[in-house]
Each structure stands twice: as structure tokens, then as C-alpha cells.
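Order-wise, the sequence lines are chains A and B.
The first sequence begins at 1 in the UniProt record's numbering and counts up one residue at a time.
The second sequence begins at 1 in the UniProt record's numbering and counts up one residue at a time.
Any given hint could be a false lead.
As the list claims (entries may be wrong) - Computed spacing ranges between beta-carbons, pair by pair:
id, chain 1, residue 1, chain 2, residue 2, range
1, A, D435, B, T101, 56 to 62 Å
2, B, A364, A, E14, 56 to 62 Å
3, B, K237, A, D229, 32 to 38 Å
4, A, P37, B, A47, 25 to 31 Å
5, B, R214, A, R288, 21 to 27 Å
6, A, D311, B, L97, 38 to 44 Å
7, A, R274, B, G318, 55 to 61 Å
Said to hold, decoys possible - Stretch-level coverage of chain B by chain A, calculated; a stretch enters the list once three of its residues show a Cβ under 8 Å from a Cβ in chain A:
id, stretch
8, 195-204
9, 247-260
10, 425-438
For the record, the hints were derived by calculation from the structure and aren't laboratory data.
Every residue, glycine too, gets a C-beta built ideally from N, C-alpha and C.
2 protein chains.
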Amino acid sequence: MSDMTARFSEIVGEHNLLTGDAIPEDYWHDEVLTKPPQRPAYVAKPASAEEVSQLLKAASDNSVPVTARGSGTGLSGAAIPRADGLLISFERMNAVLEVDTTNQVAVVQPGVTLTELDAATADTGLRYMVHPGELSSSVGGNVGTNAGGMNAVKYGIARHNVLGLQAALPTGELMRTGGKLAKISTGYDLTQLIVGSEGTLALATEVTVKLHPRLDHTATVLAPFADFDQVMAAVPKILASGLGPYILEYVDNLTMAALVHTQNLELGVPDSIRDSCDAYLVVALESRTADRLDEGVEKAGELLAELGAVDAYVLEGGSARKLIEAREKAFWTLKAVGADDLIDTVVPRGAMPKFLSAARGLAAAAGGAAAGCGHAGDGNVHLAIFCKDPDTRKKLLTDIFALAMELGGAISGEHGLGRAKTPYFLELEDPVKVDLMRRIKQSFDPAGILNPDVVFAGETLNR
Amino acid sequence: MSDMTARFSEIVGEHNLLTGDAIPEDYWHDEVLTKPPQRPAYVAKPASAEEVSQLLKAASDNSVPVTARGSGTGLSGAAIPRADGLLISFERMNAVLEVDTTNQVAVVQPGVTLTELDAATADTGLRYMVHPGELSSSVGGNVGTNAGGMNAVKYGIARHNVLGLQAALPTGELMRTGGKLAKISTGYDLTQLIVGSEGTLALATEVTVKLHPRLDHTATVLAPFADFDQVMAAVPKILASGLGPYILEYVDNLTMAALVHTQNLELGVPDSIRDSCDAYLVVALESRTADRLDEGVEKAGELLAELGAVDAYVLEGGSARKLIEAREKAFWTLKAVGADDLIDTVVPRGAMPKFLSAARGLAAAAGGAAAGCGHAGDGNVHLAIFCKDPDTRKKLLTDIFALAMELGGAISGEHGLGRAKTPYFLELEDPVKVDLMRRIKQSFDPAGILNPDVVFAGETLNR
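Please take these sequences and the hints and turn them into a complete structure.
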């Protein structure tokens, strides 16, 4: 047994440390499409913040790279470990510590999944409203990537719903930031610096999240449009209308065809309309009362007609749920039909028509294709990239990301850079900002042990 | 003319640099109660981001301390310059660069006041919803302090409404962070690190803020309560009810008496009720339609009665406006009646009864008094401290802040630490966090020129 094995084992207990061949393949990867799995040297499963802090201290002292893992549902490769590294899996730190209805917050350990948190809050009339497509994702993972999802158009992203942290610094100290507080202006906001830092600054060991009232009445409206640009032009109008949708998604016709086919959706859209339309809007409304919901649905129908929708279908409970689930699984569907990469670029929502049309043009010019769906209300586009040749694809992605940035956007809206997009970030981002971020990283992690292939180092593009 | 005078003058032009006796007293201070004014060595009035960056570079090269000034309406002394320092006044950088209705954002220079921004957006149906008490405050100042205000209960604080910045680093580089984007997960969130950093990390030279739809119909309900704890118990119930107030304030009876007297308010509350009540809730509602507003007001009345209000008065337009304005001016009223300090402590809202009762007990035990009002929905308390002896007052404030922190709160909810509260912060905050913040500061500002008396250095408490 090596010295490090002994040291880690002493901290978490022999049964909670895996090494070498005993490490199951699940720990080698997340769900990124473009990066190979990697077996780490060690997997530790701490049970407490103190154990996490001791693991980090030991790793810092011995320059062992550390990668954090929640549920492994990330899409950017931020949870792929180093071959010589320690993977800290938060699976045993999965307790909902408190559901506080007075302050409308929950305090949880980072390994809690969204499904578990939803169950723990079900009887309180409150709910954590960050819903990335995958409900088996963990709250700690949401913190790491600053997760978004379909409800962000109304409820914001992880950043807006994480109020406080206990976090372990890579040097081994534990600290508490923020809290059950609606506001705070007392020194720098360390909470929001850690949110979205993809395990490169500090590891959350406890998370305080905001809860929102559960609204009982919901309805989903599906609106096909003949012309893609009309869909995009409709989005700001819907947002300014006061309807307050909690979901506002677009799905292009190729993607909708794939979803309908693979998920056996019954949407009630006649073939003639389906064949002539370019894209769909999905508008979901919620309300405290059935009457107000009905008013909202009626108003949505009128507004969609004014905005050029060919028709508007109010989906019944079962069909609505199936459509939303299918949309959540779009990643898997697009992967199954052969997508070579999937990106989550964000642009100002007014720039979506220009971005999507130019991105499709770039893909076509490279001999590939780009199709997808996305969070229309947020300007957050999930484009599946079909382009087999890796070098051509790298060039294409570089061009697409550069285009987004020229339009005032950014490479990743909600999945994070991970290993997959770090090389593009380093190539395209303002070096003044990258250098500043690197200095911030050093102020947290002087030994550079935390996820060293993400945000900074990474492989180069080799073009 | 000194070398520095010549250098600064070359950058902004002779007419836009003041030195020595030519510097009017207005530039010596903000509105903090407890710190003396200080004449700086230089006041520069840049006209562009480039000029700001050149000023900072020159100051860094020569170790000249720099303090930024918006409108000088801050309450913590963060805009008091150093005697040997440069004050950068953003008064000439006061253009609204763009009101973008598609993306629902405005892009402004930091010197724009909230009144000016409101005028610039008036015709668009949209509005910037951060409203600290003082509408002559600047957007740049809002960024510096992470300003809150009465509308935060519905619309959040500056942090939630600032989407992007152009900022000048103290080393002279300009960078852009965030943008017209609803979400972003691409490296660290530099925007949110700079928001609330009180001019210690970088200076905003352009700010992109979120706009919200203006709702036409508003009503204000005033509810007296016999017992203070009932007021506090009512707050989470109102927030969970779905009424969605855009203002939810409490005012204690002493403060209400002072407001009524000094502002000549006509609230229609009979003397008998006024004399027997401990505190008031102010609940303001807004809606798109008169009908829905009426429904909301009726529901609010019923709910307030259930929650123990002695009565509920729906204030007409003029009286409502006067009450809200009086509440905004509570700081000046409390100052006029002899308050020795005013704090803006934040606690979890469920902890407000305990905090307020214990804080009043501490003040009484110190031979003083504490009274006030605050953003009940946010747990953000504005307590006027009446306690003449400076040493006793320092001890009292230390005890009150320590109490808030024990209850999971923080020293400042929205005014920032400034010079006034930095000593308490350094005494009470976890040294692990202060050290980390200091390292972050160094990663932005290696020469340590930006507002060196705020957040870190400051005077000690000398007790």
C-alpha cells in the first residue's frame, strides 16, 4: 500500500477508498461526448466536511490532483479525473440537513440529487427550481457548473438559487459563505465565485438553496411556426407580455422529428402542419388557481397567433409531461442519432436568429450540420454538431464560439467549460481575463491541485 | 505643478482635474454619519473608460491611493478619499448608452443616476428595479455597494440586476465581463466578484443592467400590529401567499411617529390604534390590470387580519407615495432626531424577532436605544443607534454585529462595509475568509491602490 493510499484510507476508512483495478468504470467519466474516460489512482468517498478538508490537505501536501464528482451527469468532462489523481465522490454526503419553510431555504449536503431534494420538500409546498435536464444530478454538481435548465427563464440559474456554502479550500480550511440570507454586502461574494468554478477553487461541503412556492396548476402550449426567425422574434414579446412562462423553449423541426420518433410522442400536430413548419415554441405556464391558468393559456394562444404561430396546441397532462421529458432527454436523442458534439452556447436572446443562421451556415460549409433546441428565453442554444472529422470539427467549433462571442455571447451558458471546452476558452477569451482568473485560482489553490485540466491548463487545440 | 498633477492633468485635461484648495467640500465625503470628511490630493473627472484606465495605471505606477465616487450618497464611507489620494469622480461619464428592449437591458456609464435611467427608460415600458432610498445614487455606486432597497423583496439586489461590466483594472487594463446574457458558465464570474467590492478590485466603466416590465397598477396597504413579534411572524406567511409584494417593510412605532411628525404624513390611522400598536407593515402590490390589483388588495387585507393586524389601510395614491418617500428618507429623519449611527445588518428573516429584541436589549443595557425600520422581506434591518459615547457605542455595535453573525447573518446587507464597518468586519469575520479575500484583492490590485481603507486595512477598533 502506497503512502498516499494509507493516508487517504486513514481519513475516509478503508471501505471508502478505492484504488487501481477496484475502481469501477463509472468513476472514470461523466457524460461528455468528446473526451475519453480516465481511471483515477484513487476514489475516496468522504462522509463529512472534515473528511473532505483532510483529503484536500493531504492532496495539497503531496501535489495530488483532485477532481470532485457529484452524480457524474455533467456534459463537459469536468468530472473526468487525472490518471495520477484522487477522485472525491460525494455519494455518501447525501443528506437533506434542513428544510426551513420560514426562510424558504433547504440546507443540503452536496451529494443530494434533485430527485431526493424534490421528495424532501414535497410536503412543504416549496421546491428547488433549478432543473437541468437530468434530475439525478446532484446539488453539488449544480454548484460546480452553475447549472441552468428549462426553468431558468423564470427562476434563474444555480447562481440565483444558491445562497450559501460551506466549502473546503484546497489547503484544507473549511469556511462558510453567505447563508439563509436574501442579500449581503459584507466583503467579496465568495459564494458566487465558487458557483460555476467547476471544482477548481474550493469544494462545496454544504449548500443552502432557495426554495420557491410550488404552484399547483400548469399547462403547456406547443406552437409550430413556419419560419424560424418568427420563433425568435416571438420570444422577447412573450417575455414582455407578463405571461411569466416557467418554460420557454424552442425546438427545431429536425430535433422535434427525432424526439417524436424516438419517444413516441403524441402531440396532435397534423402532418401537413408538421411538414411545413420550421420550428416550435414550447410555452409552459403555471398558476395558483385554475382560473388564472385558463386566462393565461387563452392569452398565450392569442399572443402566439399574433406572433405568427401556425397554430397553438394545449397539451393535456400526459402529453405535456412526455414532451417536456423528451425535451429534457434531447441530449440523449441527438447522441443516439449520431451527434458528434453538443454545445450550450449562450448569446443575447435578440442575437439568436443571427447566431443560429450563421452557425448552421458554418456547419454546412464544413460539410456537417447543426440542429437542436434550447432555452429560447435565455438565449441559450443546445446545438448538436454533426461533423465526423475531429480536426474539421475543432475548426468548426472554434468558428461557432468566436461567432457567439462577437455577438456578445459566451462559449458555455450552463454546462461549464470542463475538459471539452477549456481549449476553446483559452484560445478565444481575452488574455487579460484568463490571467486574472488564473491569479484568482492561485489565491485559492496555491498548489494547483483542484481540477487542473479545467478552465486553465487543458490540452491545446493543436490546429 | 507636481509630477502627478501633470500626469493626471494630461489624461483628463486641465479643466477636469482639481487639486488642493480648489477641491470643493462635496468631494471630501459621502453620507456616512461616523467618519470625518477628508480632502483628497486630486479629483479627476474622466470622460471615458480609456481615461479611467490611464488614471489607474498612473496611480499604480506611483502608489497613489484611488477612491471612486459616483453620486456620493453612500452610507458607509466607502467614497471618502485618502489625503494623499486621487478621487475619481464619474460625474462626466453619465450617458445612457443603450436601452435594448429586445434583450430587456440598458447599457449605461457608471455616473448615470437612477433618476436619469428611469427617465431614459420611461417610454419603453421597462424599468431598472434596484431602488435604494436615494434616487440620485449612481449605477456605478450601486455596483460598488451591491445596493438593495425596498424593491429587493421582489426584484433582487444590484447583484441580480447587473449582467455585465466593462471594468478598468488598477493595473490599467480594460476588460468586459458578462453581457446582455441571462446566464453564463464560462470561467469565473468576475462581474459578481466586482459587484459589492466597494471600489477595491476594479472600477466599472460601463454597466449592463436588467430591465423589468413596468406594471401600471399599484396599491399600498398599511397594517398596524399591537405586537412586534406578530409583524415578524407575518412576513414569511405573506411571502408564501403568492401576493408577490414589491415592497414589504416594517416600521417600528417610534420611527413611524418620527416619520409622521417630520413629513406631515396623513395615514388615516386613528390615535387610539396608533397609541396601542408596536409596529407597522407596509405591503405594496403591483399588477398589470386594475382587477387583479383589487383582488390582491382584498386578499392582502384578509391575510393581514388573519395574521393579527389591528386593521389594514389602503392608502390612496398621494398618501401612499408620501409614506414610501418618508420611509426612503427614514435615514435623514433618524439622523435629524439625533441618531449616532445607522446600521443595515442582515439576518435570516426568521431570526428577525430574536435579533431585534436582543439588539434593543443590548442598546438599553448600554444606556442607549435602537429603533428603526427595514426590509422585512429580506431580513435587512435599518437600526438607528442612539448612544453618545463613542467607546460605548463601538462596544455596542460589536455586540450587535456579533449577535447577527451568531444568528447566521452579516454586518451589512446593502450599504457595504466602507470605512465605517471595516474595523468590525476585521474583528469579527472568520480570518480564513478575510485572508482569502485579501489574496483575491492582491490578484486584482498588486500595488494596493484601490480604496485601501475599505474591507481590509481600516483603522482598528482601539478598544
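Status of each hint after checking the structure:
At about 36 Å, the CB distance of D435 of chain A to T101 of chain B disagrees with the hint of 56 to 62 Å. Remark: the range hint 56 to 62 Å for A364 of chain B to E14 of chain A is upheld by a beta-carbon distance near 58 Å. For the pair K237 of chain B and D229 of chain A, the supplied restraint of 32 to 38 Å is violated, since their beta-carbon distance comes to about 47 Å. Remark: the range hint 25 to 31 Å for P37 of chain A to A47 of chain B is contradicted by a beta-carbon distance near 56 Å.
For the hinted restraint 21 to 27 Å between R214 of chain B and R288 of chain A, the CB-CB distance of approximately 23 Å keeps it satisfied. At about 41 Å, the CB distance of D311 of chain A to L97 of chain B agrees with the hint of 38 to 44 Å. Between R274 of chain A and G318 of chain B, the C-beta spacing of about 57 Å keeps the proposed range 55 to 61 Å intact. Check result for the stretch 195-204 of chain B against chain A: holds, 4 residues qualifying (beta carbon to beta carbon below 8 Å, three or more required).
Given a C-beta distance limit of less than 8 Å, the hint that chain A covers the stretch 247-260 of chain B is violated, as 0 residues qualify and 3 are needed. With a threshold of 8 Å between beta carbons, the proposed coverage of the stretch 425-438 of chain B by chain A holds, since 8 of its residues qualify and at least three are required.
Checked against the numbered hints above, the structure breaks hints 1, 3, 4, 9 and satisfies the rest.
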